[in-house]
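Asker: The primary structure of each chain is shown beneath.
2 protein chains.
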Amino acid sequence: MRVLARDIAAHVNTEITMSGWVHRIRELGAISFVLLRDRSGIVQLVYDGKTDLTLESVVHVKGHVRENEKAPGGFELQVSHTDLLAKAEPDLPVPVNQEPDNLGLDAILDNRLVSLRIPRIRMIFTLQSAILRYFAEYLRGQDFTEIKSSKLIGTGTEGGTGLFTVEYFENRVYLAQSPQFYKQAMVASGMERVFEIGAAYRAEKHDTPRHLNEYVSLDVETAFIETEQDLMDLEIGILKAIFAGVKRDHQDILEAWKADVPSADDVDRIPRISHDEAKEIVSSRLGHRVFEINPEGEREVCEWARENHGIDAAFVNGFPRKKRPFYTFPDGQKTMSFDLLFRGLEITTGGRRINEYPMLLETLPKFGLTPEGLSDYLQIFRYGCPPHGGFAIGLERLTQKILGLSNVKEASLFPRDRKRVRP
Amino acid sequence: MRVLARDIAAHVNTEITMSGWVHRIRELGAISFVLLRDRSGIVQLVYDGKTDLTLESVVHVKGHVRENEKAPGGFELQVSHTDLLAKAEPDLPVPVNQEPDNLGLDAILDNRLVSLRIPRIRMIFTLQSAILRYFAEYLRGQDFTEIKSSKLIGTGTEGGTGLFTVEYFENRVYLAQSPQFYKQAMVASGMERVFEIGAAYRAEKHDTPRHLNEYVSLDVETAFIETEQDLMDLEIGILKAIFAGVKRDHQDILEAWKADVPSADDVDRIPRISHDEAKEIVSSRLGHRVFEINPEGEREVCEWARENHGIDAAFVNGFPRKKRPFYTFPDGQKTMSFDLLFRGLEITTGGRRINEYPMLLETLPKFGLTPEGLSDYLQIFRYGCPPHGGFAIGLERLTQKILGLSNVKEASLFPRDRKRVRP
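As they're listed, the protein sequences go chains A and B. Numbering-wise, the working numbering puts 68 at position 68 of the first sequence, and it's gapless, one number per residue. Numbering-wise, the working numbering puts 1344 at position 344 of the second sequence, and it's gapless, one number per residue.
Worth flagging that the hints you see were computed from the coordinates, not collected in a lab. Treat the hints loosely; a few may be bogus.
[Unchecked claim] Listed below are several chain A residues computed to face chain B (Cβ distance under 10 angstroms; list not exhaustive): (1) Leu92; (2) Val96; (3) Phe169; (4) Asn213; (5) Phe224; (6) Leu286; (7) Gly287; (8) Phe291; (9) Pro386; (10) Pro415; (11) Arg422.
For clarity, every value in this text was computed on a predicted model and none was experimentally measured. All residues carry an ideal CB built from backbone N, CA and C; glycine is no exception.
Take these sequences, add in the hints, and give me the full structure.
Answerer: As structure tokens, then:
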């Protein structure tokens, strides 16, 4: 029966077997120390004499567990037998047993299949798995249903720009930018409350630390809301659940990344300011008038929130109509829409949607759209659609900001950008 | 405070508000009965005189709850005030308040945004949401990590056929047929145990009741196994968790579809037969020699299992090498691979993978492949990859077979086939 590194203390003074990767080798002549890495942690193996192991080889070892206060974790395995399950070639393209601080982004991503072995890098994705869990658990607890919609669409709900084209038999279709259309359809179907975890695609030629051409979108849509305030309340619930889960279950990852998550009290203090107020704040801080909130402005708003509300985040709502998609519910000259800025970065966009069929028909021409071009979409509203709204959280951006990663690509297992389609 | 249909009994003899869709209208002159549908169920509204409501309109109503043994559920709401939140046009393309038995597949799918309102059809996707939950919960309980890999790949791991092409800036890339490459990479990274819930694409021109061009794949991959028997054991654990959850939480859906799920004892009785034995069984039952297990053969094997083992399912293992992908671990002239047939349909394919670098290099030319064409893939093995394997369960096929749907497209929210790319 294989024992994991994290469980070795329970087996002191007994014979056990362990399996894992050769993480480090230190040969001292009469004795060798080998660190063995498995999914749960790292343990010290002790060999008499030299070993002929190479770094990253996979082994199955048998030995005797003993206490040694100098060993990592306080226990070690005196090895009596080793099976080499898979020998690693000695030409590792990046070192696995060193902290990755000196590796550049290209070195990490070009050698992704090896850099993911670096424990601190692998932790990014252990955390991401946990975020997926907390997000889904919280929403299921609120009576939400998980949906899986098609990523192959005939036309874009956001208009035709920024779409990747797919050759689909005799047709040309597009990769969906968001499940917007489908999550609204499912709300109107009577499910009322839905969420989707799925890929989203943006064919934009940006190359910035905040953009990916393929990302994981945590999408939420819910019926019978009144304004975007209801949606911000819902997002607060989700964020509290995610942050509390991370703090409870993954303190080791936060420590490895010298990171922390906001407390529930912090999250409750996130200010809600209008787009106009946000522009004022940024203008005043930068000393010149701004007309939109660009990335620099997002950082300034968060810095202002930290100074004035003790939390490095802000909801911005009341965007003008022309800055939001056609389906956004109007509120005078403004809209019932919002963004969430967190640690200097927009991680959520959302809002109430137009649910009234006549209002939607009236709106289309103002955005240069026709009912014919959106006939599928309009069917949702023709037959009774409740007031509703929703938002999406970018999984990689949230991960990035929790851990303090400098580039969002570090938070994507296999990121895609204009030049990168492998591995 | 809105009360849901399922909670009305707790509010008897009080004034409450409810919201939902107008499901049915029966006007009797002096009095009208309206069924109101919300996400939790259906409740009877009573109006004095006539109403001017249309079917599927969305309303918010206020009224007094009273007991009435003739009302569905035993309670009804005497309405004192109605807000029409969204009026539905009267030309519904398919009826929402009738059982869908007489609707053909095309009527259901061509009018998907309306047919999803039919309660029994919506239930398919409530069940699917629950399956996603049980699958993830079970694997997390077994120390698995959830991953999200890219669906845009430079080359196919299964060879180049059956891939959809995407115009990706200056490049042409493909939609992934499976996360095979990536889940193996994550096992080798040291995560050891991973699962992924994601879209998979097959550019095959089939039009059968068992194929989709885009489906949701429940992928599992795990390290330190010995043979495919370990994988079948794992899948048994997953299936028991899914079936037990469905039985516990969704008896209403099983009843509506006149369906049932196997018990844990049933699942333990699933026979494990070799591909050769399966061919013998099919040949003997059909009275002529068969050389592979086609869809008719899959039904025969399940029927044989039902008669002989009391469960309408069978694991088939030991497929010959030429019937499995190059990366399948050999076992003499056979391979350490398996399929799971459930209620007459293959719902899983899996196996141990080749993890030894020299064995993989030796295998490539036998399948007409070159190391250069698979250089990314080979990096996984060059640097120490443990023995491992995995499998994938088709979410729509599993849903279809649990509920007894005649076509897998019924189990996809927005199915994609050669001719269908909308809505």
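Asker: All hints are to be evaluated individually against the structure, with a verdict given for each.
Answerer: Structure-based check of all given hints:
1. Leu92: With Cβ-Cβ at 6 angstroms, under 10 angstroms, it holds.
2. Val96: 8 angstroms, holds
3. Phe169: With Cβ-Cβ at 5 angstroms, under 10 angstroms, it holds.
4. Asn213: Since the shortest Cβ distance to chain B is 8 angstroms, the answer is holds.
5. Phe224: Check passed: Cβ of Phe224(A) comes within 5 angstroms of chain B, closer than 10 angstroms.
6. Leu286: 34 angstroms, violated
7. Gly287: Given a least distance of 39 angstroms, the restraint on Gly287(A) is violated.
8. Phe291: With a minimum Cβ separation of about 31 angstroms from chain B (threshold 10 angstroms), the hint on Phe291(A) is violated.
9. Pro386: With a closest approach of 5 angstroms, the Pro386(A) hint holds.
10. Pro415: 8 angstroms, holds
11. Arg422: OK, holds: Arg422(A) within 10 angstroms of chain B, min 5 angstroms.
Comparing the model with each numbered hint stated earlier shows that hints 6, 7, 8 do not hold.
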